[in-house]
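Engineer: Using the sequences and the accompanying hints, generate a full structural model.
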Amino acid sequence: MTENASPETPPAARLHLGAAYYPEHWPEERWPEDIRLMQEAGFTVARMGEFAWSTFEPAEGEFHFDWLDRAIALLAEAGIVSVLGTPTAAPPAWLTHAYPDTLAVDEHGRRAQHGNRCHYCVNSTEYHAATHRIVGALAEHFGPNPHVIGWQIDNEFNRTCYCDHCRARFQAYLAERFGTLEALNEHWTTAYWSQTYSAWEQVPIPIGYHNPGLMLAFRQFVTESYCQFQRLQIDILRPHLQPGVWITHNFMQWFDGFDHYKVAEDLDLASWDWYVGMGHVDHLTCGAAHDLVRGYKRRNFWLMETQPGRVNWKPVNTALDRGEMRTMAWHAVGHGADAVLYWQWRSALNGQEQYHGVLIDQSGQPLPIYEEVQQIGYDFENAAPILAGSKPAPAEIAILNDYDSRWAIKGQRHHEDFDYVEHLLHYYRPIALRNKPVDIIPTDAPFDQYRLIIAPALHIIDEELAERLKEFVANTRRLVITLRSGVKDEYNAMLPTRPPGPLAKIAGIEVEDYYALQDEIPVKGRRVSGTARIWAERLKPLNNITTSIASYGPYNGWLDDQSVATVNMHRQGVIYYVGAYLDDRAQQSLMDMVTGQLRIEPVMQTPLGVEACKRVNAEGEDIIILINHTAKEQSVTLPWPAHEHLLELSIEGTVRMAPYGVLVLTKRPEGPTDA
Amino acid sequence: MTENASPETPPAARLHLGAAYYPEHWPEERWPEDIRLMQEAGFTVARMGEFAWSTFEPAEGEFHFDWLDRAIALLAEAGIVSVLGTPTAAPPAWLTHAYPDTLAVDEHGRRAQHGNRCHYCVNSTEYHAATHRIVGALAEHFGPNPHVIGWQIDNEFNRTCYCDHCRARFQAYLAERFGTLEALNEHWTTAYWSQTYSAWEQVPIPIGYHNPGLMLAFRQFVTESYCQFQRLQIDILRPHLQPGVWITHNFMQWFDGFDHYKVAEDLDLASWDWYVGMGHVDHLTCGAAHDLVRGYKRRNFWLMETQPGRVNWKPVNTALDRGEMRTMAWHAVGHGADAVLYWQWRSALNGQEQYHGVLIDQSGQPLPIYEEVQQIGYDFENAAPILAGSKPAPAEIAILNDYDSRWAIKGQRHHEDFDYVEHLLHYYRPIALRNKPVDIIPTDAPFDQYRLIIAPALHIIDEELAERLKEFVANTRRLVITLRSGVKDEYNAMLPTRPPGPLAKIAGIEVEDYYALQDEIPVKGRRVSGTARIWAERLKPLNNITTSIASYGPYNGWLDDQSVATVNMHRQGVIYYVGAYLDDRAQQSLMDMVTGQLRIEPVMQTPLGVEACKRVNAEGEDIIILINHTAKEQSVTLPWPAHEHLLELSIEGTVRMAPYGVLVLTKRPEGPTDA
Amino acid sequence: MTENASPETPPAARLHLGAAYYPEHWPEERWPEDIRLMQEAGFTVARMGEFAWSTFEPAEGEFHFDWLDRAIALLAEAGIVSVLGTPTAAPPAWLTHAYPDTLAVDEHGRRAQHGNRCHYCVNSTEYHAATHRIVGALAEHFGPNPHVIGWQIDNEFNRTCYCDHCRARFQAYLAERFGTLEALNEHWTTAYWSQTYSAWEQVPIPIGYHNPGLMLAFRQFVTESYCQFQRLQIDILRPHLQPGVWITHNFMQWFDGFDHYKVAEDLDLASWDWYVGMGHVDHLTCGAAHDLVRGYKRRNFWLMETQPGRVNWKPVNTALDRGEMRTMAWHAVGHGADAVLYWQWRSALNGQEQYHGVLIDQSGQPLPIYEEVQQIGYDFENAAPILAGSKPAPAEIAILNDYDSRWAIKGQRHHEDFDYVEHLLHYYRPIALRNKPVDIIPTDAPFDQYRLIIAPALHIIDEELAERLKEFVANTRRLVITLRSGVKDEYNAMLPTRPPGPLAKIAGIEVEDYYALQDEIPVKGRRVSGTARIWAERLKPLNNITTSIASYGPYNGWLDDQSVATVNMHRQGVIYYVGAYLDDRAQQSLMDMVTGQLRIEPVMQTPLGVEACKRVNAEGEDIIILINHTAKEQSVTLPWPAHEHLLELSIEGTVRMAPYGVLVLTKRPEGPTDA
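Taken in order, these protein sequences are the chains called L, U and P. So in our numbering, spot 322 of the first sequence is number 322, and the numbers just go up one at a time. So in our numbering, spot 300 of the second sequence is number 300, and the numbers just go up one at a time. So in our numbering, spot 120 of the third sequence is number 120, and the numbers just go up one at a time.
No lab work stands behind these hints: they were computed from the structure. Yeah, the Cβ is synthetic: ideal placement off N, Cα and C, and Gly gets one too. It is possible that part of the hints are untrue.
Claimed, not checked - Listed next, with one range per pair, are the computed distances between beta-carbon atoms: (1) U/Pro100 - L/Arg110: 17 to 27 Å; (2) P/Gly257 - U/Gly79: 49 to 59 Å; (3) U/Ala175 - L/Glu33: 30 to 40 Å; (4) L/Ser363 - U/Pro100: 10 to 20 Å; (5) L/Glu107 - P/Gly257: 32 to 42 Å; (6) U/Glu601 - L/Pro27: 51 to 61 Å.
Structural biologist: Structure follows, in structure tokens:
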């Protein structure tokens with residue numbers, strides 16, 4: 001954390017609606033018309049400036065901010081606040097031309113070309129200097145502006161640089177982390193293949209598959225590089241900001257170029273950019289993405305960019321159905337978003353994203369989808385009073401998400417279809433399908449609020465984490481440990497124990513061997529039956545009370561009749577170990593069993609394709625957001641007589657939801673209905 | 001055009017048959033035997049010299065032309081004329097070794113290796129100097145030779161170079177074209193992503209996806225580079241050539257590395273290299289390729305290379321069926337070819353193309369296919385009198401083909417299956433299937449001769465072209481405008497209007513939005529029904545008389561019940577707008593409707609797989625070339641009692657055509673038959 | 001051959017069992033436990049040292065060998081002998097850092113990174129010097145050690161380097177081979193595409209597809225480079241070795257980076273590394289790999305590495321079935337292996353191969369598969385007496401394998417599915433299926449012992465080989481020549497004759513043309529019927545006695561009714577020519593016909609999936625190794641009452657073999673059974 005840390009909770013008094021807006025692309029005469037159209041869509045916020053470096057600073061040290069002053073003021077007159085981005089994701093041509101080392105080098109050794117995004121070297125000394133200058137000038141100029149409610153640092157960090165300077169910095173990072181080459185050589189077992197390093201300068205940046213210790217350390221170094229680059233900016237900005245003005249970065253959900261928890265640490269607010277791309281919303285998977293981002297700071301977040309109709313970077317850039325943008329907006333809110341901003345308002349007439357979805361077309365007229373955004377504007381206005389200050393209802397279930405484990409597995413999948421995130425979602429989806437709230441959290445988050453923790457493929461584990469999990473699981477709480485957990489240490493070295501290593505004792509089993517599967521294996525159990533695919537482990541019970549939940553059918557001689565999954569008791573707690581990747585139906589049975597045994601209640605029961613999310617407002621009132629994610633009508637039975645806040649209706653019993661329909665409900669106080 | 005421009009029409013007095021011949025690969029003793037075999041195959045022309053630079057000039061400035069003098073003379077004695085190529089497609093090793101900058105650099109920054117083709121940098125000053133020297137020497141030496149009837153410049157231009165010299169030349173080209181950086185920055189909207197250029201040297205050669213304005217300009221620059229390189233050679237050659245000796249370049253049909261219309265401008269004659277590759281001839285697609293090349297100069301062309309049986313560069317180098325080479329030869333003639341040359345006569349014993357199809361095998365004996373070529377020789381001899389001076393019958397239909405539009409779409413397909421040429425062929429094929437002649441022409445060609453113009457995906461359009469199309473369509477003529485037309489300007493910037501931009505008013509619609517489709521949408525109309533795929537637009541009528549031809553069925557809420565295609569009147573003209581990519585059957589109905597309404601007549605009616613082409617000779621006599629493109633017998637009913645010129649027969653009524661059979665027919669004068 | 005050549009036959013007194021063992025990865029306290037577990041598994045050999053350079057020589061010229069002295073001694077105490085590897089496959093970091101030119105350059109021009117294997121430039125002068133130093137020190141130190149029974153040079157040679165130094169060496173190699181540039185230009189027909197070289201320095205290392213002469217010469221140069229690098233080491237080692245101590249290299253079966261026959265020439269013993277990878281053993285294909293390696297030196301070989309359960313480098317790293325490792329061990333022995341070593345004993349805790357199969361897990365405990373290896377240990381002990389000094393029974397059939405032909409075809413497949421090795425196996429498999437022993441030998445091996453030689457796709461052929469084959473086939477022996485044979489000379493130039501060139505006369509046919517096939521062609525004959533695919537040739541008989549075995553059905557007009565395969569007589573010999581790639585069933589009929597006509601007897605008859613191999617021991621006794629390669633029980637009828645040596649049983653008649661069962665049988669002396 002920087003010294004000028006932010007307030008614990010950013011203001012969430014209202015739901016914001018808005019878009020990314022680039023006034024620098026358009027003649028100033030056009031601005032009033034754009035702002036009029038924003039107003040008519042119910043906009044309350046505009047994001048600006050994050051790609052305007054060449055307009056802000058057309059030549060080294062020459063600054064032009066007046067145009068943005070005028071844009072902010074015009075918006076403010078229309079009741080629209082501004083969020084500003086620091087423009088470091090897109091350096092101007094004069095900068096990269098004068099200082100070519102500011103351009104990143106790819107793994108083939110080629111410098112990036114000017115004219116794209118994030119093509120800078122995150123560790124470049126010259127880039128840091130230029131960043132210092134532009135961010136300093138922006139902070140000084142716009143920091144005092146009362147209409148600027150927040151700042152975004154850079155835009156979608158994503159590049160990995162392989163230049164010589166980064167290599168030297170990486171070597172310095174290793175020297176600081178390991179202290180001695182002996183330590184590094186030991187943790188990475190460099191005696192293997194004569195890798196032994198006798199000088200720090202010998203250590204390469206890994207390209208392609210390499211020593212797992214080196215690969216993991218490099219990813220940790222990239223994380224540290226982005227943390228430093230972001231902190232450099234935050235430290236400049238903070239002293240100039242008004243109280244309550246927050247700093248964020250717009251992340252890309254499951255992107256794995258760096259540890260998002262670490263990079264989010266110095267921020268006040270997490271935000272992210274949600275693009276469906278090709279096809280349609282799968283709300284179980286997308287809900288996980290929202291919950292992931294909510295977990296970065298473990299509070300409400302912003303949807304800083306989302307898709308107006310379509311994108312331009314997929315093989316087929318299909319459009320969302322009529323109504324789907326609205327369900328997406330409410331889905332985000334249901335999972336904790338306090339703002340929904342489209343990217344972008346209107347496309348520049350030229351540039352790489354001409355074909356991206358927008359709200360206003362090249363002729364300056366609203367596109368057909370503009371009307372749907374207007375409806376969202378009305379929605380947000382209508383729901384504002386009830387949702388003021390609300391947050392998602394606290395979850396009783398947490399899923400642990402760990403970048404080190406993910407990177408370790410990604411480098412050595414062992415089965416090409418083994419994907420860490422897919423495997424995590426394999427646990428998330430059956431729970432979300434039942435409308436049971438889930439938090440996705442890092443391993444160092446507090447565990448107190450939960451009754452069930454799921455640790456999917458928690459590959460890398462240390463004693464401290466093992467201790468915290470052991471402590472958690474006592475006292476009637478439950479822990480699900482899955483395959484590939486407890487295998488390695490933080491240097492990506494194998495633990496000299498059988499998995500799940502320090503958790504073996506509480507799990508009551510150890511893994512004798514594991515098997516990557518080309519075919520499916522039959523799985524048979526009283527409550528969980530079906531098949532296993534991709535991965536299967538051979539479990540050896542370590543005590544007499546560990547019970548088998550299901551066992552493998554005949555397969556390869558090694559697995560036949562062995563346990564697939566087990567359950568053990570530990571100090572009134574219950575620990576499940578799941579050693580195979582089950583088929584979807586078996587997985588649903590398993591997770592229904594686990595959550596059912598704990599009596600974890602759903603927000604409400606809904607038919608397939610209808611989701612119920614719950615927020616709780618400052619008054620402690622429950623608000624259920626009910627979303628029909630399908631293109632067909634659905635019937636839903638309400639748990640109680642309700643007030644619906646979008647249409648201001650009283651409803652009860654079984655109601656019909658329109659295709660892509662949304663209801664925002666609170667429980668009607670007992671007494672005569674208003675019908 | 002160069003100052004020494006060619007005669008308007010090159011001599012087409014006879015159909016030529018021949019092959020590429022490389023005497024420099026063989027001992028001189030062998031030449032007479034080769035020439036005897038050529039004679040026996042009915043050859044009238046040989047192409048030579050285009051890869052002989054190292055034989056012509058084994059060391060800098062040391063020339064050896066006598067061997068080719070002797071080869072030309074020997075051929076001439078056998079009644080075979082010569083076409084010579086300038087050898088610049090394959091520089092000698094001493095040249096690339098002494099001047100490494102003459103080698104092109106690929107987009108990964110690597111110089112080409114010696115030993116392939118077209119590996120030179122088209123803008124290299126040193127390469128220009130070497131070209132000047134060798135072409136000058138060749139021109140001086142062979143220009144006066146009466147047996148050399150034409151020259152080919154280089155061979156299949158195709159390389160794009162990314163070297164620093166090309167980059168500097170590109171920057172100079174931009175400076176000349178735009179005048180000021182302000183203009184460039186505005187046309188490319190470089191404010192977007194801080195791309196703004198403050199010095200010409202900052203502009204990169206685009207690698208991968210980049211600013212659309214930059215990408216299009218670079219392709220236009222490559223075109224200009226090839227024009228200049230070719231003009232350099234033409235300017236050297238021309239003064240040494242006898243009257244009537246023409247200059248050509250052998251193009252590769254739809255290759256899109258440069259604008260073929262611009263590069264063809266300085267030539268007298270267009271020629272091309274037709275390779276089927278894997279599989280068999282699809283005559284509808286191949287006919288379009290012939291028509292394309294005929295449109296480069298809008299006159300008869302040469303087939304400079306074609307496939308003897310098979311090629312060597314496909315995944316599976318299948319052979320043509322027995323008879324298929326003969327139908328190919330006549331297919332070419334039917335579409336306007338005046339010569340058919342095989343590549344090549346006999347393979348060198350070593351070198352990259354050992355496995356390519358030839359007529360004479362490595363042992364010096366004719367291959368089985370040699371007999372079929374002999375038959376073509378007899379055919380051409382028999383048909384020579386009737387075809388002398390003939391040209392394809394004038395077409396009433398033109399399809400516009402535009403490289404700028406094609407490049408713009410290729411850079412931003414938006415749907416991976418959207419291919420500009422495929423889309424153009426989607427309009428060509430249903431017309432060709434009916435044996436209705438079509439011209440494929442550039443947008444600046446004269447429109448007077450046509451009654452119907454089709455503008456498929458005419459993405460880039462300027463006011464002048466819009467005016468010419470408006471003028472054309474008046475007076476009962478008809479225009480078909482299709483999806484993605486009228487979207488951009490010549491800088492690849494979006495027009496600030498709804499598509500089809502300047503044509504919207506005459507089309508009577510504007511495009512509100514467009515949709516890339518993963519699935520098919522139902523399409524319903526009285527005369528056109530089926531489905532749309534890949535692309536669908538939402539059309540908004542601009543007046544009361546625009547009529548819908550068909551409408552979309554239920555789909556995504558945005559398109560449901562909207563018009564798929566419309567028809568509008570404009571000053572006695574009729575304009576169709578087609579907003580979707582129809583399935584093949586619906587497209588056939590649409591094009592039958594359009595051409596039927598205009599009463600455009602077919603050459604004659606034929607069963608599927610049989611094609612009828614018409615040429616008209618100097619006497620104004622119609623010659624129908626009837627080709628059975630299938631491996632089975634076909635029945636055809638003749639429109640009139642006919643004389644068949646290959647077998648010198650009189651035929652009438654319904655005739656049976658053999659598999660891969662060909663008939664060359666003229667109408668028999670009325671009176672008693674010769675039966 | 002080096003001057004200090006090895007004894008003709010290495011000692012094969014016993015079957016060895018062992019593993020690769022890396023004591024340098026583990027604390028010395030652990031070693032006794034490892035060695036105890038090895039002993040309990042029946043190990044007799046350990047391979048060590050081949051990746052220990054950085055441990056041997058942690059800084060330039062500073063050597064540490066004592067640790068390995070102690071490991072060898074501890075093993076010896078446990079009755080386990082040692083094989084040492086020279087560590088040149090993995091240079092230490094200080095070396096590659098101090099001398100960067102020792103690192104290989106890939107075809108994209110990038111230097112390899114430190115930290116993998118075989119990343120050295122095989123021609124680097126500095127690398128040769130470092131190799132000289134380390135191998136010299138090792139030889140001096142360990143050469144006298146009586147427990148070291150053999151040496152392995154480097155490890156799995158496989159890299160091709162494209163650096164400037166290699167290029168210069170390649171040019172020098174060409175200069176020496178061709179003498180003059182005129183000769184090179186002629187053999188490569190460089191007149192083609194102006195490739196003519198006027199100085200040796202102009203010749204490139206070919207990258208991608210290039211002149212076939214150049215491509216073949218470069219591969220021959222790589223072979224020569226590895227021969228020299230290996231000879232450098234052998235010449236240092238040999239003077240220090242005790243009599244009977246052998247030198248080997250562990251090859252990778254069909255890997256084609258160099259000519260394995262040439263590289264094996266200087267070795268005493270061939271060995272190889274057998275990895276099944278994904279899926280299961282296909283014993284017909286794997287048997288060919290063993291026979292291939294046996295053919296390198298034409299004697300028994302070692303299986304230097306094989307798979308303990310699974311590997312870590314496949315898309316899906318599946319495990320072998322229970323029992324399959326045991327059948328693999330016996331399969332190897334059946335085909336001539338005298339030792340089976342697993343790679344590796346136990347995985348280092350870090351490093352690229354953490355996930356590779358091992359026998360001891362990261363916790364130091366045996367994995368489930370350890371028990372199966374123990375059983376192999378018992379097996380080998382039980383079978384030791386009977387197998388002492390045995391070799392595979394002499395084969396009557398040989399298949400010719402030629403790297404030049406393979407490279408020539410690989411560079412110009414003409415059909416993407418035409419693979420030289422697949423085609424060779426297409427002839428091997430139907431013979432092996434009948435348990436008829438086959439040798440796979442180079443073209444310069446003696447032919448005397450055989451009755452049938454098969455020359456599959458013997459693309460490159462010279463007069464000497466042609467003469468030897470003609471001589472062989474006289475006197476009732478038989479020769480099968482297949483498609484694509486006799487096409488080229490040793491410079492990859494086409495022979496100026498029709499194929500099969502110098503063999504055409506004895507084959508009684510010549511090839512008029514060849515056809516790459518996308519579809520199947522019907523094939524009809526009295527004894528061989530079915531279809532041809534991939535490749536079909538049109539054969540022209542050259543005499544009256546050549547008989548057609550089968551003919552093509554209707555296809556493309558060129559092949560219809562032509563001969564598919566023929567048989568001709570030549571001086572009491574019989575020559576078959578097979579011009580098409582037959583389907584598997586037709587191929588089985590063909591090979592059954594050919595071997596049946598020669599009355600070549602099987603080892604014994606077995607059901608599908610059960611293999612019978614025969615070894616003959618020093619006493620001339622036949623030992624049949626019977627292997628059930630399937631996961632199901634099988635019934636086998638014995639040819640005679642037998643003694644089974646693994647369980648010490650007498651058995652006769654029809655016996656049931658367990659899934660993955662193995663029997664080692666000798667004929668029981670006549671007389672009363674022991675039942």
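Engineer: Now tell me, hint by hint, if it's right for this structure.
Structural biologist: Comparing the hints with the structure gives:
no.: 1; hint: U/Pro100 - L/Arg110: 17 to 27 Å; in the structure: 20 Å, holds
no.: 2; hint: P/Gly257 - U/Gly79: 49 to 59 Å; in the structure: 53 Å, holds
no.: 3; hint: U/Ala175 - L/Glu33: 30 to 40 Å; in the structure: 35 Å, holds
no.: 4; hint: L/Ser363 - U/Pro100: 10 to 20 Å; in the structure: 51 Å, violated
no.: 5; hint: L/Glu107 - P/Gly257: 32 to 42 Å; in the structure: 25 Å, violated
no.: 6; hint: U/Glu601 - L/Pro27: 51 to 61 Å; in the structure: 54 Å, holds
Hints 4, 5 from the list above are not met by this structure, while the remaining hints are.
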